[in-house]
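A.B. asks: Chain by chain, the residues run as shown.
Protein chains: 2
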Amino acid sequence: MSTNALPRQSDDFPGWYAAVVRRAELAEHSPVRGSMVIRPDGFAIWEAVRSALDERIKATGHRNLYFPLFVPGDVLQREGELVEGFAPEVAVVTRAGGEELAEPLVVRPTSEAQFWSTYAGWIRSYRDLPLLYNQWANVVRWELRPRLFLRTTEFLWQEGHTAHATQAEAMAEVLRILHEVYADAVERVLAIPVLRGRKSAAERFPGAVETFTLEALMRDGKALQSATSHYLGQRFSEAYGVTYTDAAGAQQHPYGTSWGASTRLIGGLIMAHGDDRGLRLPPAVAPVQAVVVPVGNDPGVAEAAPSLCAAIRAAGVRAHLDDRDHVRPGAKYHEWELRGVPLRIELGPRDLAAGRAVVVRRDSAARRETSLDRLPGLVGGMLDEVQASLFADALTFRDSRTLRPSGYAQMRDFLAVAGGMAVAPWCGDAACERRVKDETKATIRCLPVDRGWSGGDCIVCGRAATEEATWAQAY
Amino acid sequence: MSTNALPRQSDDFPGWYAAVVRRAELAEHSPVRGSMVIRPDGFAIWEAVRSALDERIKATGHRNLYFPLFVPGDVLQREGELVEGFAPEVAVVTRAGGEELAEPLVVRPTSEAQFWSTYAGWIRSYRDLPLLYNQWANVVRWELRPRLFLRTTEFLWQEGHTAHATQAEAMAEVLRILHEVYADAVERVLAIPVLRGRKSAAERFPGAVETFTLEALMRDGKALQSATSHYLGQRFSEAYGVTYTDAAGAQQHPYGTSWGASTRLIGGLIMAHGDDRGLRLPPAVAPVQAVVVPVGNDPGVAEAAPSLCAAIRAAGVRAHLDDRDHVRPGAKYHEWELRGVPLRIELGPRDLAAGRAVVVRRDSAARRETSLDRLPGLVGGMLDEVQASLFADALTFRDSRTLRPSGYAQMRDFLAVAGGMAVAPWCGDAACERRVKDETKATIRCLPVDRGWSGGDCIVCGRAATEEATWAQAY
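Protein sequences, first through last, are from chains A and B. Numbered according to the working numbering, the first sequence spans residues 3 to 477. Numbered according to the working numbering, the second sequence spans residues 3 to 477.
These are computed hints drawn from the structure, not numbers from a lab. Treat the hints with caution; some may be incorrect.
In this list, chains with the same sequence are indistinguishable; a pair is considered to hold if it fits within one copy or across any two.
Straight-line C-alpha distance at most 20 Å; calculated SDA-like pairs for lysine to any residue [what the hints assert, rightly or not]:
#, residue 1, residue 2
1, LYS60, PRO42
2, LYS443, TYR410
3, LYS60, ARG315
4, LYS439, PHE393
Note that the structure is predicted; figures quoted are calculated from it, not measured.
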C-alpha cells in the first residue's frame with residue numbers, strides 16, 4: 003500500500019472516496035462493467051452490518067428464506083409499474099445449457115414479482131397471515147456510471163416481503179421496519195444519524211403506494227438514501243391473484259410491504275465518518291478494533307506485545323498485532339489510520355520499562371497513557387467512547403449543514419453551492435419540486451412520516467404549504 | 003398440510019423424498035426450470051449448516067469476501083479444462099441495460115477464474131502468501147433433471163480459494179479443510195458419518211490435480227458426495243499469470259486449492275436420517291428443537307403450556323408452542339413428526355394435575371414422563387441424546403450396508419440390487435472402473451486419502467491392486 007497522502011475531502015471528495023476505498027482495500031472494480039470485488043476488510047464490515055440488521059429482522063418476528071435469481075419475463079410483467087421502472091436496468095439470460103432459451107430469464111433487480119407469484123400458493127386463509135419473510139441476496143441493476151458500494155451493477159442486500167390481512171397492519175409493519183430495524187441499526191451500529199421520512203411521489207419506489215426512507219448527510223453535504231420501506235397496498239396481491247378467506251368466509255386481497263437495505267450502507271459509512279487521513283470506523287463494525295504496534299527494535303517489546311494483544315483479545319476485543327519487521331512504525335500508523343482502526347496502542351521500550359502503553363484514538367487523535375495491567379480491561383470502554391463520539395460528530399456536522407431558509411433565493415444558493423439539507427414548507431406540487439431540482443440539482447429527500455400541515459407558505463411558490471420538506475443533493 | 007401417509011421409503015424412495023420436502027415445507031420448485039424456492043424451515047436448516055461451516059472456516063484462518071456473479075467469457079476461457087467441464091451447464095447474459103452486449107457474460111458456475119484473474123493483482127511477494135479466502139454465493143449450473151436440494155440450476159454454497167507458496171502447504175490446506183471444516187461439521191452438526199477419501203481421475207473436478215471428498219450413505223443405499231476439496235497445483239496460477247517473488251528474489255507460481263459445500267447437504271440430511279413418518283432432524287440444525295402440545299380443552303393446560311414453553315426457551319432451547327385450536331392433538335403429532343422436530347412435549351389435564359409432562363423422542367419414539375419442575379433443565383441433555391443417537395443410527399446403517407465382497411459377482415449383485423458401499427481392491431485402471439459402472443451404475447466414490455498398496459488383487463480384473471476403492475451408486 004502506498005503512503006502518499008489522500009486527496010483532501012475539501013478539494014476532491016469523489017477522488018478522496020475512490021482512493022480510500024482502494025487503498026484501505028475495501029473493494030475494487032471487476033472486469034465486468036459496474037461490478038465490484040468486495041475485499042476481506044470491506045466484507046467484514048458488511049458481515050457486521052448484516053448481523054445487525056438480521057438480528058433486528060428476526061427480533062421483529064421475520065424469518066429468512068430464499069427465492070431464485072432468475073425471473074421468467076411473464077412473471078415479472080404482471081405488475082406494470084414495477085416492470086416499467088426496472089426495464090432499462092435489467093440483465094437478461096437468453097442462452098443456457100448450450101441452447102437458446104424459448105423464454106428469456108431476467109436476473110432479479112428486486113423480487114416482488116417472485117414473492118407475490120409464489121404467495122398465491124401459500125396464502126389460503128386469514129390463519130396463514132401475516133407472512134413475515136426476508137431474504138439476503140444479490141440483485142442486478144445495470145449501471146452505466148458505477149461507483150463502488152454506492153451504485154454497482156450487482157449489489158448485496160436484504161429484501162423483506164410481507165403480506166397482511168389489513169391496511170393498518172401493513173402500515174404498522176412498514177414503520178416498524180423503518181424505526182426498529184433500519185434506523186436503530188444505522189444509528190446504533192453504523193453511528194450515522196438519520197432522518198426518517200416519507201418520499202414524494204416523484205421519488206417513490208415503482209409499484210409502491212407510499213415509500214418511507216432513511217436519509218443521512220455525508221461530509222460533502224450530499225444526502226444518501228440509506229434504506230427504504232414500502233407500503234404496497236393491494237397492488238401486488240391484485241396483480242398476482244393472491245387472495246385469502248377471512249374469518250367471515252369472504253375472499254380478500256392481502257396488503258403488502260417490501261423493504262431493503264444494501265451494501266450501499268458501506269458507502270454511507272465511509273462518507274459519513276471519514277476524514278482527510280482516511281476511514282474512521284465505528285468500533286461496532288470495525289474488522290480490527292485495536293491494533294498493537296511495537297515500537298523500536300527491542301527484544302523486551304517483541305516479547306511483551308503479543309501477550310498484550312492476547313490479553314486485549316481475551317477481553318472480547320478484535321485486536322491485531324502488527325509485528326511486520328519490514329515496515330516502520332510511522333508507516334504503520336499511517337496505514338492503520340487510513341484503514342480507520344478505532345484505537346492504536348503503541349508499545350516502546352520506555353513505555354514497557356514504565357509499565358504503560360500509549361493509546362491513540364483514531365476519531366479525535368487523543369493520546370492517553372495507560373498502565374499495561376489495566377489496559378485490557380479499559381479498551382472496551384474506550385471503544386464505546388469512540389462509537390458515541392463518531393455519532394455525536396456526525397450529528398454536529400449535520401446540524402451545522404442544515405438550514406431553515408428565510409426565502410427561496412437563500413435556499414437555492416445553499417443547496418446549489420454550500421451543500422447540506424434545507425428544511426422548508428412545500429405546497430405538495432411536483433412543479434415546485436421540479437423547479438428546485440432544475441435550479442439546484444437538489445431533490446426532496448423526505449417529508450414527515452405523518453402527513454400534516456406545517457403552518458407556512460411554500461418556499462418555492464408562496465402558496466399554502468401542506469407539509470415541511472427536506473431538500474438536498476443526493477447520491 | 004395434508005395428513006395422508008407418505009410413500010414408504012422401501013416402496014418409493016424418490017417419491018418419499020419429494021413428498022417430505024414438499025409437505026415439511028422445506029422447498030418447492032419455482033417457475034424457472036430447475037430452480038427452487040427455499041422455504042423458511044428449509045432456510046433455517048441452511049442457516050445452521052452455514053454457521054457451522056463458517057465458524058470452522060474462520061477458525062482455520064480464512065476470511066470471507068465477495069466476487070461478482072458475472073464472468074466475462076474471455077476470463078473464464080483462460081483455463082481450458084475448467085471451461086470445458088462447465089461449458090454445457092452455463093447460463094449466459096447477452097442483453098443488459100436495454101442493449102445487446104458486445105461481450106456476453108457467463109453466470110458463475112464456480113469462481114476459480116475470477117479469483118485467480120484477480121489474485122494476479124493481489125500477490126506480489128512471498129509476504130502476501132498464503133491468501134486464505136472464502137465466499138458464500140449462489141452459482142448456476144443448468145440442470146435438466148432437477149431434484150430439490152440435490153441437483154438444482156441455482157444453488158447456494160461456499161467456495162474457498164487459496165494460494166500458497168509451496169506444494170506441501172497447499173496440500174496441507176486441502177486436507178485441513180476436508181477434516182477440520184467439512185468432516186467435523188457434517189459429523190458433529192449434521193450427525194452424518196462420512197468416508198473421507200480421494201477421487202479417481204474419472205470423478206475429479208475439472209481443473210484439479212487431485213480431488214478429495216466426503217461420501218455419506220443415504221437410507222436407500224446410495225452415496226451422496228457431501229463436500230469436495232481440490233488441490234489445483236499451479237494450473238490456475240499459470241493460466242492466469244499469477245507469480246510472486248520468493249525470499250531469494252526469484253519469480254514463482256503459487257499453488258492453489260479450492261473447496262466447496264452447498265445446499266445439497268440439506269438433501270443429505272433428509273435422506274441420511276428420515277424415516278417413513280418424515281424428517282428426523284438433528285437438534286443442532288432443527289429450526290424447532292422441542293414442540294409443546296397442549297392436550298384437551300382445559301383452561302389449566304391452556305395457562306400452563308405457554309409458561310412451560312417459555313421456561314424451556316429460557317434454558318436455551320428453540321421451543322415452539324403449538325396452541326392452534328382448529329387442529330387436533332393427533333394431527334399435530336403427525337405434523338411435527340413429519341417436520342422432524344426432535345422432542346414433542348405433551349401436556350394434558352391429568353399430566354398437569356400430577357405435575358408432569360410426557361416427552362416423546364422423534365428418533366426412537368421413546369416416551370418419558372418428567373416432572374414439570376425439572377423438565378426445562380433436562381431438555382438440553384435429551385437433545386444431546388437425540389443428536390448422538392441419530393449419528394449412531396446412521397453409522398449402524400452404513401455398517402450394515404457395507405460389504406467387503408469375496409468376488410466380483412458378489413460385488414456386482416450387491417451394488418446393482420441391494421445397494422450400499424462395496425470396499426475392494428482396485429488395480430487403478432479406468433477400464434475396470436468403467437466396467438463396474440456399466441454393469442451396476444456404481445462408481446468409485448473414494449479412494450484412501452493417502453495412496454498406498456492394499457495388498458490384494460483387483461476385484462474386477464484380478465491383477466495386482468494399487469489401493470482399496472469404495473464403490474456405490476451415487477446421487
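A.B. asks: Each hint: holds or not?
C.D. replies: Results of checking the hints against the structure:
1. Taking identical chains as interchangeable, the C-alpha atoms of LYS60 and PRO42 lie at most 20 Å apart only when they sit on different chains, with a minimum of 12 Å there against 26 Å within one chain.
2. Taking identical chains as interchangeable, the C-alpha atoms of LYS443 and TYR410 lie at most 20 Å apart only when both belong to the same chain, with a minimum of 15 Å there against 80 Å between chains.
3. When the C-alpha separation of LYS60 and ARG315 is checked against a cutoff of 20 Å, the pair qualifies only between copies, where the shortest distance is 16 Å, while the shortest distance within a copy is 29 Å.
4. For the identical chains of this complex, LYS439 and PHE393 are neighbours neither inside a copy (30 Å) nor across copies (65 Å), given an alpha-carbon limit of 20 Å.
Going down the numbered hints, you'll see the structure goes against just number 4.
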